[in-house]
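2 protein chains.
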Amino acid sequence: MADYKVDLQDMNFLLDDVFAVAKDWETMPKLSEVVDADTAKAILDEAAKLTENLIAPNLRAADEEGIHFSDGEVTTPKGYKEQFAELAAGGWVGVTASEEFGGMGLPKVLSAQYEEMMCAADVAFSLYSGLTAGAIIALDSHASPELKERYLPNMVAGKWTGSMCLTEPHAGTDLGIIRTKAEPEQDGSYQLTGTKIFITGGEHDLTENIVHLVLAKLPDAPAGTRGISLFVVPKFLVNEDGSLGERNAVVAGSVEHKMGIHGSATCVMNFDGAKGWLVGEPNRGLAAMFTMMNYERLGVGIQGLGAAARSYCTALDYALERRQGRGAKATRDTAAEADPLLVHGDIRRMLLTMKSFIEGGRAFSTFVGKQLDRSKYAASEEGRTKAQALVDLLTPVAKAFLTDTGFEATVLGQQVLGGHGYVREWGQEQLVRDCRIAQIYEGTNGIQALDLLGRKVAGSKGELLKPLLTEISTFLAGDAGEWSNEYGELAILVQEVERITGEVLTQVMQGDENIINSVAVEYLHLIGYVTYGWLWLKMARAAESSDYAESFVQAKQKTAKFYFARILPRVYGLMPSIEAGAKELFAFEQDEF
Amino acid sequence: MADYKVDLQDMNFLLDDVFAVAKDWETMPKLSEVVDADTAKAILDEAAKLTENLIAPNLRAADEEGIHFSDGEVTTPKGYKEQFAELAAGGWVGVTASEEFGGMGLPKVLSAQYEEMMCAADVAFSLYSGLTAGAIIALDSHASPELKERYLPNMVAGKWTGSMCLTEPHAGTDLGIIRTKAEPEQDGSYQLTGTKIFITGGEHDLTENIVHLVLAKLPDAPAGTRGISLFVVPKFLVNEDGSLGERNAVVAGSVEHKMGIHGSATCVMNFDGAKGWLVGEPNRGLAAMFTMMNYERLGVGIQGLGAAARSYCTALDYALERRQGRGAKATRDTAAEADPLLVHGDIRRMLLTMKSFIEGGRAFSTFVGKQLDRSKYAASEEGRTKAQALVDLLTPVAKAFLTDTGFEATVLGQQVLGGHGYVREWGQEQLVRDCRIAQIYEGTNGIQALDLLGRKVAGSKGELLKPLLTEISTFLAGDAGEWSNEYGELAILVQEVERITGEVLTQVMQGDENIINSVAVEYLHLIGYVTYGWLWLKMARAAESSDYAESFVQAKQKTAKFYFARILPRVYGLMPSIEAGAKELFAFEQDEF
Numbered sequence: 001m002a003d004y005k006v007d008l009q010d011m012n013f014l015l016d017d018v019f020a021v022a023k024d025w026e027t028m029p030k031l032s033e034v035v036d037a038d039t040a041k042a043i044l045d046e047a048a049k050l051t052e053n054l055i056a057p058n059l060r061a062a063d064e065e066g067i068h069f070s071d072g073e074v075t076t077p078k079g080y081k082e083q084f085a086e087l088a089a090g091g092w093v094g095v096t097a098s099e100e101f102g103g104m105g106l107p108k109v110l111s112a113q114y115e116e117m118m119c120a121a122d123v124a125f126s127l128y129s130g131l132t133a134g135a136i137i138a139l140d141s142h143a144s145p146e147l148k149e150r151y152l153p154n155m156v157a158g159k160w161t162g163s164m165c166l167t168e169p170h171a172g173t174d175l176g177i178i179r180t181k182a183e184p185e186q187d188g189s190y191q192l193t194g195t196k197i198f199i200t201g202g203e204h205d206l207t208e209n210i211v212h213l214v215l216a217k218l219p220d221a222p223a224g225t226r227g228i229s230l231f232v233v234p235k236f237l238v239n240e241d242g243s244l245g246e247r248n249a250v251v252a253g254s255v256e257h258k259m260g261i262h263g264s265a266t267c268v269m270n271f272d273g274a275k276g277w278l279v280g281e282p283n284r285g286l287a288a289m290f291t292m293m294n295y296e297r298l299g300v301g302i303q304g305l306g307a308a309a310r311s312y313c314t315a316l317d318y319a320l321e322r323r324q325g326r327g328a329k330a331t332r333d334t335a336a337e338a339d340p341l342l343v344h345g346d347i348r349r350m351l352l353t354m355k356s357f358i359e360g361g362r363a364f365s366t367f368v369g370k371q372l373d374r375s376k377y378a379a380s381e382e383g384r385t386k387a388q389a390l391v392d393l394l395t396p397v398a399k400a401f402l403t404d405t406g407f408e409a410t411v412l413g414q415q416v417l418g419g420h421g422y423v424r425e426w427g428q429e430q431l432v433r434d435c436r437i438a439q440i441y442e443g444t445n446g447i448q449a450l451d452l453l454g455r456k457v458a459g460s461k462g463e464l465l466k467p468l469l470t471e472i473s474t475f476l477a478g479d480a481g482e483w484s485n486e487y488g489e490l491a492i493l494v495q496e497v498e499r500i501t502g503e504v505l506t507q508v509m510q511g512d513e514n515i516i517n518s519v520a521v522e523y524l525h526l527i528g529y530v531t532y533g534w535l536w537l538k539m540a541r542a543a544e545s546s547d548y549a550e551s552f553v554q555a556k557q558k559t560a561k562f563y564f565a566r567i568l569p570r571v572y573g574l575m576p577s578i579e580a581g582a583k584e585l586f587a588f589e590q591d592e593f
Numbered sequence: 001m002a003d004y005k006v007d008l009q010d011m012n013f014l015l016d017d018v019f020a021v022a023k024d025w026e027t028m029p030k031l032s033e034v035v036d037a038d039t040a041k042a043i044l045d046e047a048a049k050l051t052e053n054l055i056a057p058n059l060r061a062a063d064e065e066g067i068h069f070s071d072g073e074v075t076t077p078k079g080y081k082e083q084f085a086e087l088a089a090g091g092w093v094g095v096t097a098s099e100e101f102g103g104m105g106l107p108k109v110l111s112a113q114y115e116e117m118m119c120a121a122d123v124a125f126s127l128y129s130g131l132t133a134g135a136i137i138a139l140d141s142h143a144s145p146e147l148k149e150r151y152l153p154n155m156v157a158g159k160w161t162g163s164m165c166l167t168e169p170h171a172g173t174d175l176g177i178i179r180t181k182a183e184p185e186q187d188g189s190y191q192l193t194g195t196k197i198f199i200t201g202g203e204h205d206l207t208e209n210i211v212h213l214v215l216a217k218l219p220d221a222p223a224g225t226r227g228i229s230l231f232v233v234p235k236f237l238v239n240e241d242g243s244l245g246e247r248n249a250v251v252a253g254s255v256e257h258k259m260g261i262h263g264s265a266t267c268v269m270n271f272d273g274a275k276g277w278l279v280g281e282p283n284r285g286l287a288a289m290f291t292m293m294n295y296e297r298l299g300v301g302i303q304g305l306g307a308a309a310r311s312y313c314t315a316l317d318y319a320l321e322r323r324q325g326r327g328a329k330a331t332r333d334t335a336a337e338a339d340p341l342l343v344h345g346d347i348r349r350m351l352l353t354m355k356s357f358i359e360g361g362r363a364f365s366t367f368v369g370k371q372l373d374r375s376k377y378a379a380s381e382e383g384r385t386k387a388q389a390l391v392d393l394l395t396p397v398a399k400a401f402l403t404d405t406g407f408e409a410t411v412l413g414q415q416v417l418g419g420h421g422y423v424r425e426w427g428q429e430q431l432v433r434d435c436r437i438a439q440i441y442e443g444t445n446g447i448q449a450l451d452l453l454g455r456k457v458a459g460s461k462g463e464l465l466k467p468l469l470t471e472i473s474t475f476l477a478g479d480a481g482e483w484s485n486e487y488g489e490l491a492i493l494v495q496e497v498e499r500i501t502g503e504v505l506t507q508v509m510q511g512d513e514n515i516i517n518s519v520a521v522e523y524l525h526l527i528g529y530v531t532y533g534w535l536w537l538k539m540a541r542a543a544e545s546s547d548y549a550e551s552f553v554q555a556k557q558k559t560a561k562f563y564f565a566r567i568l569p570r571v572y573g574l575m576p577s578i579e580a581g582a583k584e585l586f587a588f589e590q591d592e593f
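In order, the protein sequence lines correspond to chains P and G.
Here the UniProt record's numbering is used: position 271 in the first sequence is 271, and no number is missing along the way.
Here the UniProt record's numbering is used: position 371 in the second sequence is 371, and no number is missing along the way.
Note that these hints are calculated values from the structure, not bench results.
Don't take each hint at face value.
Because identical chains share one entry, a pair is satisfied inside a single copy or across any pair of copies.
[As the list claims (entries may be wrong)] For lysine to aspartate or glutamate, the following EDC-like pairs were computed, each having C-alpha atoms within a straight-line distance of at most 20 Å:
id	residue 1	residue 2
1	K23	E382
2	K41	D7
3	K538	E592
4	K148	E589
5	K561	E589
6	K23	E471
7	K181	E168
8	K5	E592
9	K558	D17
10	K5	D591
11	K275	D187
12	K217	E281
13	K81	D392
14	K159	E146
15	K217	E337
16	K561	E579
17	K217	D272
18	K49	D38
19	K461	E146
20	K466	E99
21	K561	E498
22	K49	D174
23	K558	E579
In this text, all values refer to a predicted model and were calculated from it rather than measured experimentally.
Throw the hints in and build the complete structure from the sequences for me.
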C-alpha cells in the first residue's frame, strides 16, 4: 500500500480560490470569531499530520484483526485506543461542536476536509468519533439544558462517544414500524425495552461511557413515523456530580460479521428496561434524529470520497512503478524491458475517472459544507433560508453520488493493480469493502434518491431545484473564455434537467404513484453528473486565474476536459432511461420476476 | 441465504427454442454420437441436483473457513474433498474431454450451463475442476501422444487436477518478460527453475497429484512472447506403469490472502530444477496456452453469470419476504404493517437489471458455446471457419461483459438487502467478493477490451466484426411483429457501431497508437449492450411462439421491453465517450496525474 498523502493543495485551492470561504466567514459573526484563512490552513496541516502519520498506517492491521466480542464486551483492534485518545486530546472529536461545551466551533466546510482525511485514513475508526459528532449535534439542537450540561462536555471532549439506535430487526428503512417501547417513570425518566440492530459503536472499549440516542415509542404514541420519540440512554448512568453511576440495562447481544469496516463494532443492542430521558418533544423524535442524520449524510458521502482518494494514492503509485507492456513508440523506455503502466490508455482512463470523481467530489462536498455553514451562520435570514434550500436539495445527492462514484473509483483503483488489487497486501481490496457500506447505511442510496426526487423536488413542485440550476446558469452566463463548448453543452443539459423534471412532475400530478421511485436513482445521478460538470468548469476557471504551479493549473484544466469528454456523456444514457418512466417496471406480475 | 435454484426452464428454453442446438448436433457426427435433446435434458437435471444439493449449501462455510497453509501443504475447507470425489465419480471433471481419454465429450453449449451452476454453487470450489478441464484441452490439443496417454486419463477421471502457471512477480499481463527457465536434460526432459505467482490450485489436498502447465524460456529463446515454451510439470513424477513416483521439485511457497474465493488456494509456486516435458513446439508455448486460455475465458465470463444468478435467488426471495414501507394505494396489503419490498419501483429496477443481465448473459454464453462447438465439430470447413470467427470476436466480450455485468448484478443483489446485504449471514456480500476476481484474472477486462478492439477488430480491419453484425442485421430484417420500435432502434445501433468502428480504424490508420487502448473498454461495452439487445429480442420472439407457461412467456417479453427502455440507453453515454478518442487521456504529463 502506498503511503496516504492528503491533497492539501487541492483543499486549499477549493477553500481559497474556488469558494473563497474565508471571505464568507468574515460576514458571519459566529464564525469570524473562531476561524480565518490562516487558522484554517494551520488546522488542515495538523489534521493531515494526524491522519497521515497516526491513523492511516494502522488501516490494514486493524482490518485484519477486527474487533473482538465476548460476553457483551467489545475489544477494538490494537492501536485504536491510543489513536482515539490522541484524537480526543487534540479536540478533534468536538471539531464542529459549539464552544459553549468545549468544542472548536469550526465551520463544516473545514471539517469536511478533515472528515475526508479521517475516512481515507481509516473509515472504520472514524465512525467512533463521527457518530459522536452527530450525536452532539442532535443533543445540542434538541435536548433540555440539563441534559446538554450532563452529556455534552464529556462527549465533545471525546471522553464519551455517541451512538445512534434506529434500526430494528424488522424495521430499517421503514422506521414507522419500530417496536422499542419507552414507559414513563415517576422521576421523569423512561424505561426503554426493545432490540436495535446494526448499531455502529454500540459497544467498545475506547471510552468509559457511551451515550445512545434511541428511537422508541411512548405507550400512547400514534402509529407510524409521527409516533416516534427520541431518548438519550447512557451505558453508565451519570450521577448529579457528573461521575459515572451504575451500569444501565443496555447490553450488546452480539456483533455483526461484515464485508468490511472490520474495526467498527456493529452491535445488536438489547434494551431491557434501560433508563433513558426524552430528547425534545414527545412523538417528534424522528425530526430530531434527522438533525443528526442530515449531518451524518454529508459525512457518509465523504466516506466514499475518502476511500477513493486513498485508493488513488496507491493506484497512481503502482501505475508509475509497475512496468508491463509498451506504450507508443516515441515514448518507450528502451533501456527497460517494459514501460510503466501509465503509458497505457486504459490505465489513464481509470486513473482520470478516479481523479475526476475525487476532485469533483471534493469540490461538491466543500460546496455543500459551505451551504451548511451559511444555513446556520449567515447574518441574514434570507441568506440562511437560501442556503438551507440548497442543503435540503443536495444532502441526498451528496450522500449517494459521493458514495456511488466513490465505490466506482475504489473498484477502478483495485483494477489498476490487476491481481495485486485482489490480494490484501496492497490494501486496494479493503477500500472497496470498506467503501461499499457507505452506499447502504444512513439511508440506502435508493432512499436518498427517493428523498431527492420525491420529498425535495416533487414535494416542492420543483421549486427546490431552482436555486441549484440558477447557481449553475448564472455561472454559465458569465464569460466562457476558451470553454464555450463546455459552457454550451452544460447550458443545454440544465434545460434538459428542467424538461425531464417537468415530465416527472406531470406524471406525478396525473396520479402515477410509482413514477418517483422508479426513476429516482437515475435522476439523482443525472443531477450529480451535471453538478460535477459545473464544478469542474468552476475549478478550471478558478485555476486559470490562480497563481498555483503550472502543473496544478494544467491538471485542473485537463481533468475538466477529460470529464466533459469521457464522463459527462453518461447523462445521455440516463435521460432516456428516466423518460421511460415506471411502465416497464410495473408491467410485471409477482410470478414473472 | 436463499437456497440456490438452477433456472432449468430458462436453460432448456435457450437450448431448445432460441438456439435449437439439438438440431445442430444432428449435423455434427462427433456430437450426434454422444448427445441428443433427451440426454442433454437428463444431464442438466443431474447437474442441477449435484450443484443445488451437494455444493451450493457449503458455499458460506467454505468461505468462512478458507484454505489452510502450512509447510508447503494446503488443506481445503471442510467438505471440498467429498465434493470433489463425487464430482470425479460422476464424470463431471471430464465433461467436455474427449471420449478417447474417458471424457463425456459433451458440447460446450451444454457444459456452459453446467459451469454456470458450478459457479453459482461455489466458484472457489469450481476452479479446481475448471482449471483441470482447461489443462486437459491444452494437453489434448498440443501434447505428444505419450504425454497425453500419461496424464489425460487420470485428469479426465478427476484423480489428478491441472494448474496453469503463467504469472511471475514482475510479469502478469506482459508474459513476454517472464524469467522462468527450462534447461534441456539428456533424457529429453527439462529442468524448470523460477517463481510463479497467483497459481490457482497450485497446491491442495483434493487429489493425489497435480499437473502443472508452465510457461518458461528455453536457453536460446528469442526475447518476448515468441520465446516462450509450454511444459508439463507434475507434482509427483509418473512412472512408466502410471503409478506415482518421487516428488518433483515444485513447491508452494505461500498462499495469497484475498478479497474472496477463500476456498481456492492461490499459490506462489517455486520451481527449483523441477522436471518437466515440453508440450508442443519450442517457443510456441503462448499459442498452446491460449488454447486453454480461450476455453477458460468463456468459463471465467460464466463466473460472473453464476454469481449474479445466485445473488438473484436471494435478492428476489428477500424482496418477497421483507416488508418495509408502502406501495401504490391500490396494491397495499392493509392487513400487514408494511408491504413487501417488491412494491417499490427502485427494488424492481434493481431486480430487473439483474434479471436482464442474467438471462441476457445466459443467452450470450449459450450462443458463444454453440459457436465453440461449431468451430470444432461442424461438418464443413466453411461452417467451422465461420463459427471460429465469431468465437474469436466474442471470447473477449464474453469474458469481460459477463463479468462486468455480473459484478454490477451482485452489487445490486447486495443493495436490495440493505444492511443485511453487507453482513455475511445472507451471503450476498460473498458473491460480490467472489465475483470481483473474474474481472481481473485470465486477462483483466481491460486486456479483453484491447484484444477485442485491437487484435480482433482493428487487426482484421473490421472484417471480424461483420459476422456478428450480419447475424444481428439478418435477424432484424425478419418480421418485427409488435416489436418494430425495438427492431428499428437496434438496426440504427448496428449502423452506429459500424460508423464508430470506422472512425476508430481511421484513427489507427492515421497513426494514432493510443486510440485503441483509450476507448477499448467503452467499445467492448457498446458491443456487449447491442448484442444483448439482439439476444433479448431473439428470446422475446422465441417465447412468443413457444408453448411455455404464460408467466414465462410474459416475463421474457416484459424483460426485453425493460432492457430496451432502461438498460440499452447506456449506449448513448458510451458512444460519445468512444468518439472523444485518446486526446484527453494523453494530454496529461506524468506530474499532472
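So which of those numbered hints doesn't the model satisfy? Hints 4, 13, 19, 20, 21 and 22 are the ones this structure does not satisfy, whereas the remaining hints hold.
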